[in-house]
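*Asks:* Sequence:
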Amino acid sequence: MSKDEKFEKLKEIEELLKTYDGKMEISPYVLEYLSLEELDSILLNLLKQQSNVIQENQEWLQQFKKMEKK
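All letters in the sequence shown, in the order written, are residues 73 to 142 by my numbering.
For the record, the hints were derived by calculation from the structure and aren't laboratory data.
Each hint should be verified, as a subset may be incorrect.
[To be verified] In silico PhoX-like pairs for lysine-lysine, Cα to Cα no more than 20 Å straight-line:
no.	residue 1	residue 2
1	120	90
2	141	83
3	120	138
4	81	120
[Stated by the list, open to error] Label-pair restraints from in silico Cβ distances:
no.	residue 1	residue 2	range
5	135	112	30 to 36 Å
6	141	76	50 to 56 Å
7	112	140	38 to 44 Å
8	115	138	32 to 38 Å
9	136	83	33 to 39 Å
10	109	132	32 to 38 Å
11	138	75	50 to 56 Å
12	107	128	16 to 22 Å
13	113	138	36 to 42 Å
14	127	101	30 to 36 Å
Values in this document were obtained by computation on a predicted structure and should not be read as measured data.
Ideal Cβ placement from N, Cα and C applies to all residues, glycine included.
Using the sequences and the accompanying hints, generate a full structural model.
*Replies:* Here's what the structure looks like:
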């Protein structure tokens, strides 16, 4: 497990978090305590949450469109 791989995962996580908060930075210091697997898990969970939000927004939009047609 290289430090470069962990750093890249951390950057991916930061980019996902920025879509929700605008500006988000995580100290590279956390890399000392998180394994690559833990970073992967965090990243996958964020992607899943993002997907859920998109799905919920699509469902809401469909309901809104139905209401407009009435």
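*Asks:* The structure should be examined with respect to each hint, and the outcome stated for every one.
*Replies:* Verification of the supplied hints:
Taking the CA atoms of residue 120 and residue 90, the gap is about 16 Å. The hint holds against a cut of 20 Å. Distance restraint check for residue 141 and residue 83: the Cα-Cα separation of roughly 44 Å exceeds the 20 Å cut-off, and the hinted pair is therefore not satisfied. Our distance criterion of 20 Å between C-alpha atoms is broken by residue 120 and residue 138, whose separation comes to about 27 Å. Between the alpha carbons of residue 81 and residue 120 the distance comes to roughly 16 Å, so the proposed pair stays at or under 20 Å and holds.
Separated by about 35 Å at the C-beta atoms, residue 135 and residue 112 satisfy the suggested range of 30 to 36 Å. Our hint of 50 to 56 Å for residue 141 and residue 76 holds, since their Cβ atoms are close to 53 Å apart. Taken as a hint, the range 38 to 44 Å holds for the pair residue 112 and residue 140, whose Cβ atoms sit roughly 42 Å apart. Between residue 115 and residue 138 the C-beta distance comes to about 35 Å, which sits within the given range of 32 to 38 Å.
A hinted range of 33 to 39 Å holds for the C-beta pair residue 136 and residue 83, which are about 36 Å apart. Roughly 35 Å separates the CB atoms of residue 109 and residue 132, a value that falls within the hinted 32 to 38 Å. Distance hint check for residue 138 and residue 75: the Cβ-Cβ separation is about 52 Å, which falls inside the suggested range of 50 to 56 Å. In this structure, residue 107 and residue 128 break the distance hint of 16 to 22 Å, their C-beta atoms being roughly 31 Å apart.
The beta-carbon spacing between residue 113 and residue 138, approximately 38 Å, falls within the hinted interval of 36 to 42 Å. The supplied range of 30 to 36 Å is met by residue 127 and residue 101, whose beta-carbon atoms lie about 35 Å from each other.
Going down the numbered hints, you'll see the structure goes against 2, 3, 12, while the others check out.
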